[in-house]
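This is what each chain is made of:
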Amino acid sequence: MAFAEHLTSPAFKENARHALADPQLQSALHGIETGIVDRRRATVAKLPEFDALRDSARAIKNHTLAHLDLYLEQFEQKCTAAGGHVHYAVTAEEARAKVLEICRNANARLVTKGKSMVGEEIAINDFLEQNGITPVETDLGEYLVQIRHELPSHIIMPAVHLTKAQIEADFRRVHTHLAPDRNLEEHQTLLTEARVILRDRFLSADVGITGANFLIAETGTSIIVTNEGNGDLTQTLPRVHIVLASIEKVVPTLEDVSQLLRVLARSATAQEMSVYTTFSTGPRRAGDPDGPNEYHVIILDNGRTAMLGGQFRDMLRCIRCGACMNHCPVYAAVGGHTYGWVYPGPMGAVLTPSIVGIENAGHLPNASTFCGRCEEVCPVRIPLPGLMRHWREREFERHLSPAAVRSGLAFWAYLATRPRLYAVAMSLFVFGLGLLGKFFRRFRWLPLAGNWTQHRDFPAPQMQTFQAQWKRRIRTQ
Amino acid sequence: MNKDVTEAPQPATKRPRVGLFVTCLVDLIRPAVGFAAVKLLEDAGCAVEVPTQTCCGQPAYNSGDRATTRAIAEQVISAFEPYDYVVAPSGSCAGMLKTHYPELFAGNAVWERRAARFCAKTHELISFLTEVMKVSEVTARFEGSVTYHDSCSGLRELGIKAQPRRLLASVQGLSLKEMHDSDVCCGFGGTFCVKYPDISNTIVTKKAEHIAATGADTLLAGDLGCLMNMAGKLQRLGTPVKARHVAEVLAGIDIPAIGER
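If you read the protein sequences in the order shown, they are chains A and B.
Mapping of the first sequence onto the numbering used here: position 155 corresponds to residue 155, and the numbering continues sequentially without gaps.
Mapping of the second sequence onto the numbering used here: position 120 corresponds to residue 120, and the numbering continues sequentially without gaps.
For the record, the hints were derived by calculation from the structure and aren't laboratory data.
Careful: at least some of the hints might be erroneous.
[As the list claims (entries may be wrong)] Under the rule of at most 27 Å between Cα atoms (straight-line distance), these lysine-lysine pairs were calculated in the BS3-like manner:
hint, chain 1, residue 1, chain 2, residue 2
1, B, Lys161, B, Lys134
2, B, Lys177, A, Lys471
3, B, Lys121, B, Lys177
4, B, Lys14, B, Lys121
5, B, Lys121, B, Lys134
6, B, Lys161, A, Lys471
7, B, Lys14, B, Lys161
8, A, Lys471, A, Lys438
9, B, Lys39, B, Lys14
10, B, Lys39, B, Lys121
11, A, Lys78, A, Lys98
12, A, Lys46, B, Lys161
13, B, Lys161, A, Lys13
14, B, Lys121, B, Lys195
15, B, Lys195, A, Lys471
16, B, Lys242, A, Lys438
17, B, Lys177, B, Lys134
18, B, Lys177, B, Lys195
[What the hints assert, rightly or not] Covered stretches of chain B (chain A as the covering partner; in silico rule of three or more C-beta atoms under 8 Å from a C-beta of chain A):
hint, stretch
19, 69 to 78
20, 137 to 146
21, 164 to 175
All C-beta atoms, glycine included, are put in the ideal place defined by N, C-alpha and C.
Chain B with its partners taken away, still in its complex shape (with noise of 0.2 Å):
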């Protein structure tokens, strides 16, 4: 992996230490993008660790529980206070670390100190790599065609749209077409996909149908909810298009895609 060699961020000798947020989903579901987190934060120099942790909270906080997301919260936040910087493959979990987290402890001046120091480090992995680690490539390899669905938190939360392209740009044969409407939901929601299958199942169709309509063969996005509800969509449609978090191909890990083998 090759840096800009007009900003080194960090001496050679010490390495900036990073807490894994590995987020509940990759997990459980598909540890390998927690893996090729791991092979992209070392490649750009980081010193990777993966405290003991469960979930960011989120389907605590969007069912309107806030007593349990505190709790959550505050486990996390003790968890990673050892660390430089806290890196998670989502920008759904690593928002709400960074920008609703502080809202859960307002008017508790201890907690809330705590909660901004950890947002104020807190991360989305591919805008770390790119806006802190100043990783402007990377050296893997994958042939085919790309299309790239924008998720709506790391994207309205985190700024995140840019970034991804701009790496999946360097990766050797890899072409990128873009999706109509790539910036729109996919019908994922957390909980809601489940809440309001037939609703979630509506917008989910009409994003597969987007996404077909590109003859790309593989979809990446930064979020493995997004990511699972869109493979399994497509999926079911019978339509050929595997899917990727976007870290496995940056990183250049081949396994078999989501729900593959």
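Chain A extracted, bound-state conformation (with noise of 0.2 Å):
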């Protein structure tokens, strides 16, 4: 793999014991719990129609999917009609390598970018730099994780694991040609700070890459909602503009998008609406007061024609909002970074290992208690538990689950699939332990239960099965 170099997946569990250690970022874990759960709710409960809604943009995901080939192809044909260009690209490689290529023929130096999880998909930021061009993320948590050299630890709140006395530091220890004394203490001088420099980039980029929230096939245009609007001055000011999307992006109609957005920001930032959604379609026109020469999008694949053939093709649906790693008790107690990889908590767990390998992802749909709060909240009802399964599934399939837990369920199996046999089995091992429960009422540690027992007390059992109790007393009845 290409980006095996920020792949840190398989160390998950080395990553969760730094994460849980990580007063910082504990702390800062806290805010979605307390702040953006709870306002949801209160935003959801505002739209009594919103679970109609989520049925109807499941249906359009799913209309889309079925006729995907043909949405794309129209998608291209609008947008080469208004003046774009479309380039498709199977791989990560062949997507930098034609961003590269579009950078080299505008002359670029500077590239400002929106958010874009694509982007960060490609490691697109990299290989500008190793191609001698400079690529400035203007989100401000882009700009954040940027300036750290880290990866986002939330697809929409990349920055969500720092504190606001990180950031301080940050900015002293990035911005060093501002004054060393001046005051960074309330969030708003922070705020003007990150605007001051990146205004500067704003007008000497040269090409302005971003995402896209969707594409529409009716009209052949992309669209970005965000909040800043730094994403409409990165797409706006440069002379070319390129767009870094994916194939399951597209959406048929404008109609479509509206009731995909009705969704959208409510489960993201339990927003009404984005402050922003621009739609883009083509470059500049003649009399056209603003906007770019040249306009391309990049439509990726990496691995995604694959899945809408077999078991993950719903988790094409997502329209990633974040809504499941904010409802996510595993994600909320380790963060983002601790699943190794660009895309965290359950929808990472699904789409991570479709793209980087089961074999190199293994721990992320493991790491899961199958709570299902990520499912009961997803806008466009990814059964994402059952598409976890399905991952071990193809684990155990493949002989890569560990194997001291491969032999504990093979001899536990044995057991369970012959009732005399365990219940034998089970008598003894229930007396045993209730016998050891004659002196003490709990466990404080057993052996083969050190996983358990080194964080909670165990109970001590009766010393006799509930079905050999019952059946003495059908016995004595």
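Taking the hints as your guide, dock the two standalone chains into a single complex.
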């Protein structure tokens, strides 16, 4: 894998250990639970038809996926007719090469970037830097993770893992041309500083790269949904605008998009609408006051076509709202970086193995309690726990699960499929443990159960199983 | 136990035959929950039987071992074929039986039919009492304050939230103190808690704080797995909150709380 240098998913457990021991991270994560979850609940409660809208959003995406080839072709035609260029990239490498080619043709030195998860997926910033082009993230959260040389820890709140004190320290470390004794105490002063720094970049950038929340087939339009206005400056001011999208971003009509937008902002940020919803169709036309001279849309596959024909097709409905991770108890405990790649949380636990291979991301679909809260809030009703289970099945089939897990499971399965033997074995087990229970009402340590007893007590059982007691009761009746 | 007078589910002469799916944890660790379930079902007018059984298959299912899961599911479906109803004192196991068994047999017409019949008659204990047997109150007494944790599978797969609270409201002497985020996972997750013990510990520690903050003296829930997780954490933290399965309280069975004597 070309992006293996950023992939730490195999070290999930180690990542988790660090995350759990990091007080700053834990304090930053606390904000998600107390803020966004409550606000989403309140926003959704104000819209009685929210669940009906979710059904409709699911139907729109399902319909599109069933006819994806047709809608992609239609998008290409309409976009081209509007003066845009559409490029298909099968792999991340192809997408990177295309971006570089467009930048080189434009003699680009400085590239501004709006938020793009596809951009993260193809690691475009590193690649541009290696090729002598300076990329500058302009979404505040993305800018923060860029100056820290990190991946985003959340798909819509990239810097949610940071506290204000960390941001202040980073600004002092990076913005060395500013007065060292300047006041950065308030949120407002931090924002102003970022704004001043980025303003200059917006005006001098040669190329602007954005993502796309949706591509509209009937009009050849790309849409970005933002709150900071940076996306608009990124795509309007430079000479060239490159849109990084992936095949599942296309939807048939403007009407479809308006439905999806109603569930997107509510699910993502608990807003009824984002502050900016910007539609781009082709480059600047004669008479337009602004806009780029060139408009390119790069549509990435990177494993998605394979998902389309398989068990993970439902995942392609995802509209990247992040509600699943906001509501995930595991994400809330360990944060996004623990997942070890671009897409964290429940959606990442399904998507990441599809892109980087289950052999590299096996922990992700396993590190879930299957509590189902992600599926409960998903605006397009993706059965995330079920899809994670499918990954566990793939692992099991390919003998990728840890040997201890497999042998433990095999031993248990041998007994569980032989009820009589099971009854004997369990009676012995319970009798033994129950004997000890005569001395201890609960255990602080048990052999082979260290992973349980290191954190919690284990209750001593009675000395007979329910089924044995029941049989005795039947006999004596 | 009283029932709504408007709707008697079965004539007195023909009591519904209930096969109790006792669940492996109750069978091994806390048989009293099984006897509480039997009492509640008999009080509601059911004839209860307990066919030989092992487990619902969730450990295999959630570990990706579909072949073993199917073998166990066939065993369970066959064992419970003679009964009018299958009832389990666990939202997690009942959810497995009711919502996941059918997908195991997709494409096998014979077993699909058998699984569908099985699912249709399978219920979690408390929702069976309130929705099928129309039980609206119990005669038990419990002196104390309780807080109720909504276990995930029961809540999200089977819609169990109001039913246990409705029955608890009829227990004399009992007061309910709701905890913050009662519907958020306790971190048990079956094998999750031993595969990722540190993460599980962080989640259950938070849960224990929410439980303690209510000031209730007893924690109730409908799933023994979650209860053992929460009780074990509360005890390790030295929090003096006792944990019990909700069926024990509703049945008025007086035994030491989980991990106590």
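Consistency of the hints with the structure:
no. : hint                   : in the structure
1   : Lys161(B) to Lys134(B) : 16 Å, holds
2   : Lys177(B) to Lys471(A) : 39 Å, violated
3   : Lys121(B) to Lys177(B) : 33 Å, violated
4   : Lys14(B) to Lys121(B)  : 17 Å, holds
5   : Lys121(B) to Lys134(B) : 16 Å, holds
6   : Lys161(B) to Lys471(A) : 33 Å, violated
7   : Lys14(B) to Lys161(B)  : 30 Å, violated
8   : Lys471(A) to Lys438(A) : 23 Å, holds
9   : Lys39(B) to Lys14(B)   : 18 Å, holds
10  : Lys39(B) to Lys121(B)  : 20 Å, holds
11  : Lys78(A) to Lys98(A)   : 21 Å, holds
12  : Lys46(A) to Lys161(B)  : 22 Å, holds
13  : Lys161(B) to Lys13(A)  : 34 Å, violated
14  : Lys121(B) to Lys195(B) : 34 Å, violated
15  : Lys195(B) to Lys471(A) : 35 Å, violated
16  : Lys242(B) to Lys438(A) : 20 Å, holds
17  : Lys177(B) to Lys134(B) : 25 Å, holds
18  : Lys177(B) to Lys195(B) : 32 Å, violated
19  : 69 to 78               : holds (count 3)
20  : 137 to 146             : violated (count 0)
21  : 164 to 175             : violated (count 0)
In this structure, the hints that do not hold are numbers 2, 3, 6, 7, 13, 14, 15, 18, 20 and 21, in rising order.
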